[in-house]
Amino acid sequence: METVVFALLNGLIYGLLLFMLSSGLTLIFSMMGVLNMAHASFYMLGAYFAFTLGQHTGFWFALFLAPICVGAAGACVEKWGLRKVHARGHVAELLFTFGLAYVIEELVKIVWGKFAVAYEIPPELNYSLFELFGSQYPAYRIFMLAVSIAMLAGLWYLLKRTRIGLIIQASLTHPHMVSHLGHNVPRIFMLVFAAGCALAGLAGVIGGNYLVTEPSMAFSIGPIVFVVVVVGGMGSLEGAFIASLLIGFLQTFAISIDSSFAEIFSFAGLSADGDIGRITIASLAPMLPFLLLVLMLMLRPRGLMGEREF
Amino acid sequence: MSAPALQLTDLRKNFGPAKIIEGVSLDIARGERHAIIGPNGAGKSTLFNLISGLFPPSSGTISLAGRQISGLKPHQINRLGLSRSFQVSNIFANMSVRENVRCGVLWSLGYGHSFWRNIGNLKEVQRKTAEVLEKVGLTDKADVPAVLLTYADQRTLEIAITIAGGADVILLDEPTAGMSHSETDRAIKLIEMATEGKTLLIVEHDMGVVFGLSDRISVLVYGEIIATGTPEEIRGNARVREAYLGDETEFAEMSA
Amino acid sequence: MSKGIFGKSSLAALLLSGSVLSAEAEVIKVGYIDPLSGPFGSTGDAGVKHFRYAADEINAAGGMGGMQVEVIAFDNKINPKESLVQLQKAIDQGVRFIAQGNGSSVANALTDAIAKHNKRNPGEEVLFLNYAAVDPALTNKKCNYWHFRFDAHVDMKMAGLTDWLRDQKDIKTAYILAQDYSYGRAFTAAAKSMIEEKRPDIKIVGAELHPIGRVKDFTPYVQKMMSANADVVFTGNWGTDMTLLVKAANASGHTVPYLTFYGGGLGAPTAMGQSAVGLVKQITEFHENIEASEKQMARVDDFEKTNNLDYYYERVFTLMNMLDKAVDAVGSVDVPKVAAELEGMTYETPYGEVTMRADDHQLMQPLYISTFSEGVVRDVENTGFGFKTDITIPAAATETPTTCRMRRPS
Amino acid sequence: MTDYSLDRVPDLAPSVRYKFATRVLPLLLLALILLSIPLFEPSRTWLSLFNAIGINMVFALSYNMLLGQAGMLSFGHAVYFGLGGYAAMHGMNAIENASYDGGLWAAFPMFALPLVGFAGGALAGAVIGWPSCRRAGVPFAMISLGIAELVAAAGFMFISVFGGEEGITGDRMNGVELFGLSLGPLGEVYWFIAFWTFLGVALMYAFTRTPLGKLAQAVRDNPERVQFVGYNPNRVRYLVFIAAGGFAGLAGGMSAVNYEIFTPESLSVIPSGLVLLMAFIGGARYFAGPILGAVVLTYMQSNLSDYSEAWLLYLGLLFIGMILFAPGGLAGLLLSGTTALRQSLSGKGLVRAGAFAISALLSATGVIVLVELAVRHSNGFGEAFEPFSFHLAPDQMMPWAVGLVLAGVGIGSLKVLSRQGGMGS
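Chains as they are written, first to last, in full-length UniProt numbering: chain A, 1 to 310; chain B, 1 to 256; chain C, 1 to 410; chain D, 1 to 425.
Honestly, I wouldn't trust all of these hints.
Said to hold, decoys possible - If the Cβ cut is set under 7 Å, some of the chain C residues that face chain A in the computed set are:
#1 41
#2 214
#3 219
#4 252
#5 255
What the hints assert, rightly or not - In silico BS3-like pairs for lysine-lysine, Cα to Cα no more than 30 Å straight-line:
#6 B/123 x D/19
#7 D/19 x B/135
#8 D/415 x A/79
To be verified - What the simulated footprint calls covered on chain D by chain C, stretch by stretch (three residues with Cβ under 8 Å from a Cβ of chain C suffice, anywhere in the stretch; the number is not a length):
#9 115-126
#10 211-225
#11 274-287
#12 309-316
Quick caveat, the hints were computed from the structure, so don't treat them as lab data.
From the three backbone atoms N, C-alpha and C, an ideal C-beta is built for every residue, glycine too.
Hey, can you work out the whole structure from these sequences and the hints?
Encoded structure:
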């Protein structure tokens with residue numbers, strides 16, 4: 001019981017953080033067809049911007065300002081970089097963002113130094129909200145929960161209730177149609193890219209102090225975000241949401257399972273001393289998303305909710 | 001009597017709720033030149049895609065020389081002797097004209113996926129490639145990258161790739177689309193010559209081409225064949241007139 | 001870009017490197033092979049600054065055996081193969097002393113390659129001075145004559161931590177968490193056997209390995225520890241894996257001691273901040289609040305002022321000074337003789353006497369267990385927090401038996 | 001055989017002279033370079049750099065079989081390099097053991113070890129490629145990323161195979177000697193690397209000339225059409241994938257002998273990313289592109305880091321610059337440069353190429369000055385950037401302004417120039 005409740009709670013938080021990251025990536029992918037390899041780098045920028053801004057304005061302003069700054073950075077990248085390679089196809093765009101990830105990491109090192117920065121949870125939220133089975137539940141997590149749900153609601157409103165949202169939605173299902181609509185496509189692309197980056201930036205603002213703000217944070221979370229987007233189905237926000245939670249739960253549950261392969265497959269005579277028998281489910285937890293990714297692409301390439309195979 | 005070169009039996013294709021092909025049956029005899037006409041959106045290209053294996057049919061069967069091919073993959077169907085072209089030029093853009101044709105030749109000569117032979121030393125491949133190029137008149141452009149060809153030449157190359165494998169049944173999807181008059185005339189001559197002795201199924205908008213070239217014509221309207229017959233029969237068919245009522249120019253061409 | 005100024009100047013430098021060798025015999029070159037770029041670049045960068053500072057000190061005092069010391073840094077990107085390329089580069093530039101510390105995989109590659117090089121190129125021997133790679137095998141199963149280690153290895157540090165545990169009578173259960181690779185496994189094995197040996201009454205309620213650098217949220221691990229009622233946590237984690245663990249522990253209100261090797265590692269105090277206070281203990285040969293002479297404190301201050309970086313690697317100074325002593329005694333850069341001199345050498349550091357054990361070339365030095373605290377005299381990384389000593393473990397108490405069978409060149 | 005009745009069939013094959021000039025001569029040139037390098041009596045530093053370059057050439061070319069030839073973007077090619085290398089490493093230890101205990105391996109020369117690597121890489125390609133080659137494009141890229149992460153993690157978990165973090169070591173001076181090479185000194189290892197580099201390059205070039213190689217290019221250009229000339233594009237991709245895995249394994253085997261150590265991180269996404277950079281920066285569209293990329297990037301990796309700690313930033317900028325301005329890579333630049341030179345006896349093209357080169361140099365210099373100043377400013381211990389005995393201190397305004405002006409003028413004129421017509425594409 002205890003384990004299940006904790007796994008659910010932790011999985012939810014982690015899953016929602018992943019969703020904040022992957023929603024931006026999904027938006028960008030579905031509108032522009034670009035799989036932004038540097039997406040996690042914008043997440044990192046969000047954390048660093050919030051750290052620096054927070055020193056002057058406090059956390060609460062930074063919460064709004066930092067994503068805007070990241071969005072602006074994203075817009076610049078789109079306008080002066082991505083747009084130029086657009087004509088050369090998706091692989092070129094993918095490679096461009098791949099290079100961009102390198103550059104952003106090195107720039108962050110130059111600007112903010114190579115070590116982690118002291119980006120901490122604001123004192124107003126740094127207390128334990130309630131106690132559950134003897135373990136404290138920090139208020140900041142509930143705050144993260146609230147922010148991600150607010151973001152989800154905002155995104156939903158934007159997509160379902162506004163004009164630009166309708167255009168974006170149209171492009172989700174009919175990617176080639178938008179250009180016929182007579183809208184200013186490059187401008188929409190720039191806005192969408194900026195918005196996607198801003199979402200990643202927001203995830204960085206609330207994730208950076210919950211986790212650690214350091215130059216390698218993008219590299220370490222980046223691959224997981226791709227897993228979410230692919231498993232959920234490229235271009236599907238609902239899918240990304242479900243996949244984020246799925247991966248969040250999967251990983252936290254796996255950690256609570258201590259059995260090793262030797263125990264599980266003891267009927268097959270697997271020895272606990274061998275390399276395989278030694279492995280426990282818990283130790284595999286961080287690898288499970290990648291296993292899921294490979295299986296999903298092989299068995300159901302359009303993902304959980306995707307409507308098209310890329 | 002030997003089996004027809006191509007036989008469609010009650011062929012149907014749905015995309016979700018949309019019924020695109022609704023029960024098409026058609027026999028095409030060996031050596032016949034058969035055209036399929038019909039208004040836009042009638043399902044002509046879908047029919048080609050079904051026959052060539054790009055989509056699996058929802059129901060019904062397709063037989064090639066008596067052998068059922070529905071459900072096979074495009075490359076398997078091609079190996080059985082059915083080759084098709086595309087409405088939009090579908091060539092290997094970054095390769096030279098000669099290499100384009102050579103790709104069409106390779107399988108039929110039995111070189112499969114071999115990686116132990118130098119392609120330059122395969123005399124047979126060279127010879128057949130040269131023959132095809134000569135036949136379609138692209139010899140002097142053999143070393144030009146395909147992407148740099150003129151539109152008409154790209155269409156020609158499209159046909160060249162299609163016939164290169166020596167398939168017995170050739171499907172051409174609007175081979176003259178977008179061509180000028182003189183280019184169209186040349187293209188028809190080319191098609192006549194290249195498909196000599198073969199079975200030809202052609203989708204074409206240019207009625208002049210259709211009536212000049214084909215032995216028989218089928219009219220496809222909203223996924224159904226409303227008439228099949230010789231050019232004369234089709235010209236006099238009332239239902240065909242009705243179907244084409246909205247398209248005066250085309251009908252005028254047809255009657256001409 | 002590569003055709004710019006770098007292309008030309010590096011070409012010139014490389015062409016020169018061969019010919020200048022003899023002319024520069026007056027300089028002793030110490031080759032520092034560690035990551036200077038990439039994710040671990042920060043750690044390597046800090047190391048080289050310690051080495052350079054120590055070299056400057058020695059040079060100011062007349063150099064090694066009358067010769068000036070120069071520290072040349074080579075970036076190995078913490079990649080074993082790249083390290084071997086850089087090793088070759090260093091040797092060709094006349095480097096005879098190689099210093100390295102980050103990554104046991106690199107250390108294993110280097111010690112192997114240096115032994116082979118010394119065998120294949122007599123008269124051109126190279127010494128490997130290891131300042132931080134703590135895989136016990138380096139001075140046990142894989143020991144060789146050309147390798148000297150100046151950091152206490154896993155088993156020794158674990159012996160220290162479990163010594164502390166011996167006196168904590170109210171601790172009844174322990175949990176072990178480490179990264180899933182050779183060091184983490186060595187850590188787990190050492191923890192298990194030494195807890196068993198020194199406190200057989202303690203129950204090990206969990207021993208877990210997790211993939212290195214892959215876990216984002218350690219809360220599930222912490223909650224497992226809490227469910228198991230662990231009174232103390234042994235963790236081999238370092239870098240981000242440790243800071244994330246500590247933050248998660250603090251957030252969940254898990255207030256038991258976390259025994260670490262690298263709690264004070266560069267960058268960790270900043271990242272952990274308040275959350276680690278009272279929680280994290282470390283075992284090291286140095287932290288700033290150990291009592292020492294004024295001269296030493298002045299050195300620490302000066303180092304921090306000139307480098308804008310915390311003084312961390314006391315052992316780098318030990319290493320350089322012992323090398324200085326050995327070269328002084330030999331009077332030249334005769335590497336086999338210097339090695340012979342280093343064997344069994346004792347040296348007085350600001351924190352007590354240390355000995356290079358001849359059996360396995362492992363330095364025996366006093367170790368300190370300290371707790372991350374508020375209200376310290378000297379803080380780390382300007383965080384306002386610092387380490388307070390809990391206990392001191394004399395050099396002799398850290399000695400663990402070695403399986404090394406040293407083969408000395410005849 | 002044929003039912004065509006044509007009077008004459010022209011011989012379209014290129015002339016013997018053309019064939020020699022474009023196909024045989026470059027390989028002869030490579031052989032000549034490889035043979036003549038020892039004549040300059042390079043230092044061991046250079047030798048070990050050449051060895052690393054040779055290995056990376058084969059590795060990058062094998063990667064380009066996927067990217068450049070078959071149009072498959074992989075983020076996990078190091079898996080095959082690594083698995084091949086591990087196979088070779090186990091082979092090396094088997095040879096050593098057999099030299100004491102006897103056995104089949106005793107007769108296996110160390111020199112031929114890359115063959116074991118090839119087999120290992122090809123086998124891994126055959127196993128992993130079977131499921132992953134059923135998809136192309138972005139799904140294939142994502143599968144390769146997932147598999148690379150999984151294999152890299154497995155590398156740390158299965159100690160008996162991969163040796164854990166510290167990997168597996170061996171001694172190459174065992175077994176039967178071939179060509180009188182003991183493989184002890186670096187000079188002898190050079191011959192070993194040179195032999196296999198040449199063989200690898202020649203074989204991979206030959207591969208592009210086979211029916212399968214041509215089909216791979218067809219699949220890259222237009223996978224849909226390939227189906228309608230009788231080929232299954234997935235099958236073609238799969239076969240190319242196996243071959244690419246094999247050659248990557250060959251490079252892994254060369255690496256095993258050269259370094260005598262193999263560690264799991266050589267399986268990871270980092271070397272996979274690096275080989276992608278090599279192929280792309282060199283020019284994925286040209287066969288020789290990855291060769292150039294391997295030379296430049298290996299040199300940068302081993303030596304640029306001596307001069308700047310920001311070398312990764314330069315690498316990233318170079319990569320992005322290539323994508324933006326010269327998608328043909330270094331090979332493309334070189335080619336258009338020589339074409340410009342050849343056509344420019346009139347002078348105009350020469351001026352243009354010169355202007356391009358100068359503005360590229362200007363912007364590079366400007367960017368370098370700025371980056372180096374920023375790095376020193378960020379480190380914060382008052383070090384100055386001193387190229388060619390200039391003194392540029394980060395706490396003064398002047399050096400920053402100089403950098404900005406240089407970069408601004410350079411990039412500006414590059415823009416103007418490229419608006420008048422692209423270069424190197």
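Going through the hints against the structure:
| no. | hint | verdict |
| --- | --- | --- |
| 1 | 41 | holds, 6 Å |
| 2 | 214 | holds, 4 Å |
| 3 | 219 | holds, 5 Å |
| 4 | 252 | holds, 5 Å |
| 5 | 255 | violated, 10 Å |
| 6 | B/123 x D/19 | holds, 16 Å |
| 7 | D/19 x B/135 | holds, 26 Å |
| 8 | D/415 x A/79 | holds, 15 Å |
| 9 | 115-126 | violated (count 0) |
| 10 | 211-225 | violated (count 0) |
| 11 | 274-287 | violated (count 0) |
| 12 | 309-316 | holds (count 5) |
Of the hints listed earlier, those the structure fails to meet are numbers 5, 9, 10, 11, in rising order.
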